[in-house]
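Heads up: the protein sequence lines correspond to chains G and C, in order. If you use full-length UniProt numbering, the first sequence corresponds to residues 1 to 240, in order. If you use full-length UniProt numbering, the second sequence corresponds to residues 1 to 86, in order.
Hints in this document: simulated from the structure, not taken from any laboratory. Don't take every hint at face value.
To be verified - Pairs of lysine to aspartate or glutamate, EDC-like flavour, derived with a Cα cap of 20 Å:
#, chain 1, residue 1, chain 2, residue 2
1, G, LYS69, G, ASP56
2, G, LYS94, C, ASP78
3, G, LYS94, G, ASP56
4, G, LYS204, G, GLU230
5, G, LYS71, G, ASP56
6, G, LYS75, G, ASP156
7, G, LYS71, G, ASP61
8, G, LYS26, G, ASP14
9, G, LYS201, G, GLU140
10, G, LYS69, G, GLU96
11, G, LYS10, C, ASP23
12, G, LYS10, C, ASP33
13, G, LYS10, C, ASP38
14, G, LYS94, C, GLU67
15, G, LYS94, C, ASP70
16, G, LYS94, C, GLU72
17, G, LYS69, C, ASP70
The structure presented is a predicted model; accordingly, all values stated were derived computationally and were not measured.
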Amino acid sequence: MAGRLRRIQKEIADCQRDQASLIELKLVEDGNIMHMKGRFPGPPGTPYEGGMFQVDIVLSDTYPFQPPKIKFDTKVYHPNISSQTGAICLDILKQEWSPVLTISSTLLSVQSLLCTPEPNDPQDAQVASQYLNNHAAFLETARFWTECYAKPEEGDILHKTSSVSASQQRQAGSNYSNHQSPVVAAARPPEPVLSSEELEKRRKVQSLVDMGFEANHVRTVLIRANWNTETALEDLLSNA
Amino acid sequence: MKVKVKRWHTVAIWQWDMEDSTDLCGICHGPFDSCCPDCRIPGDNCPLLWGKCTHCFHLHCINKWIETNDSEGTCPMDRQIFEAAT
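Whole structure, please, built from the sequences with the hints as guidance.
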């Protein structure tokens with residue numbers, strides 16, 4: 001018992017000490033090291049770039065002989081992650097678990113799952129089929145979900161690291177406050193000029209929001225329907 | 001000068017006969033020279049076990065893993081069937 005706790009304590013301490021690590025671990029409540037939250041940035045070059053993703057981690061009494069139970073708290077649009085529950089389909093969280101894996105090495109695998117979706121072994125069949133059949137729409141939705149649900153918080157790694165990529169810097173400047181340049185953050189950036197296409201999309205979103213549907217959900221459904229308002233409305237009504 | 005030894009006090013240290021016995025067991029993350037989490041005293045009662053794959057663990061740690069259904073008898077490091085080196 002005590003020995004198992006020692007390994008877990010050591011894992012948390014190692015992860016917090018590792019300056020190069022972009023993975024952050026925090027206990028949910030003091031005194032209970034079996035339940036924690038992990039946060040990590042979306043990998044560059046993916047539709048998850050610029051977002052910070054949070055996972056819920058629960059260790060069982062049999063850890064490390066059984067895998068930790070990990071699911072996303074942040075909504076993620078990905079073939080191997082349930083868009084409803086955040087459940088993750090990843091072999092090392094199930095039959096391929098090994099006791100030499102650690103919480104942080106497991107989170108690295110979860111992070112790299114964001115780079116390499118496996119649409120043929122889906123957790124979310126609807127997302128997976130869109131990934132295969134309408135990749136552009138998949139990317140658009142995934143990007144939109146990142147922007148919407150995975151916003152970095154004050155004190156997140158994305159804010160304090162100096163090695164953020166150029167595009168993250170750009171996003172940091174336009175979408176949320178940037179620690180490195182408080183002056184820029186203080187003066188709110190001008191509203192970007194929207195393309196006529198984006199204006200048209202917003203008009204469609206608004207028309208469905210006016211009917212009482214939730215804006216983020218409307219946008220997701222519209223992307224899935226290739227921006228056909230009628231198809232989207234049918235979808236919304238059939239799932240209502 | 002003649003020296004007469006009246007009494008002596010011997011001190012010995014021991015370590016496992018391996019390349020780096022301060023290395024850690026991959027399962028419990030404790031040093032090999034220390035014992036597994038369930039034992040109190042390191043030494044012969046909490047020995048190490050090498051596999052034919054050359055990976056080494058505390059005997060008690062690897063046993064606990066092999067006894068789980070999910071392990072399917074494999075080495076935690078390389079997923080080959082774990083067989084004790086003789």
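Going down the list of hints, with the structure as the test:
1. LYS69/G to ASP56/G: The hint holds at about 8 Å.
2. LYS94/G to ASP78/C: Holds, because 17 Å separates the two Cα atoms, which is no more than 20 Å.
3. LYS94/G to ASP56/G: It holds: about 16 Å lies between the C-alpha atoms, which stays within 20 Å.
4. LYS204/G to GLU230/G: holds (10 Å)
5. LYS71/G to ASP56/G: holds (5 Å)
6. LYS75/G to ASP156/G: Cα-Cα ~17 Å, so holds.
7. LYS71/G to ASP61/G: Since the Cα atoms of LYS71/G and ASP61/G sit roughly 18 Å apart, the hinted pair holds (cutoff 20 Å).
8. LYS26/G to ASP14/G: Holds, because 13 Å separates the two Cα atoms, which is no more than 20 Å.
9. LYS201/G to GLU140/G: holds (12 Å)
10. LYS69/G to GLU96/G: holds (14 Å)
11. LYS10/G to ASP23/C: Answer holds: LYS10/G to ASP23/C is near 15 Å, not above 20 Å.
12. LYS10/G to ASP33/C: Status holds; Cα separation ~18 Å.
13. LYS10/G to ASP38/C: Given pair LYS10/G, ASP38/C holds - Cα atoms ~17 Å apart, limit 20 Å.
14. LYS94/G to GLU67/C: holds (17 Å)
15. LYS94/G to ASP70/C: holds (9 Å)
16. LYS94/G to GLU72/C: The hint holds at about 13 Å.
17. LYS69/G to ASP70/C: Distance of about 15 Å is within 20 Å: holds.
In the structure shown, no violation is registered for any of the earlier numbered hints.
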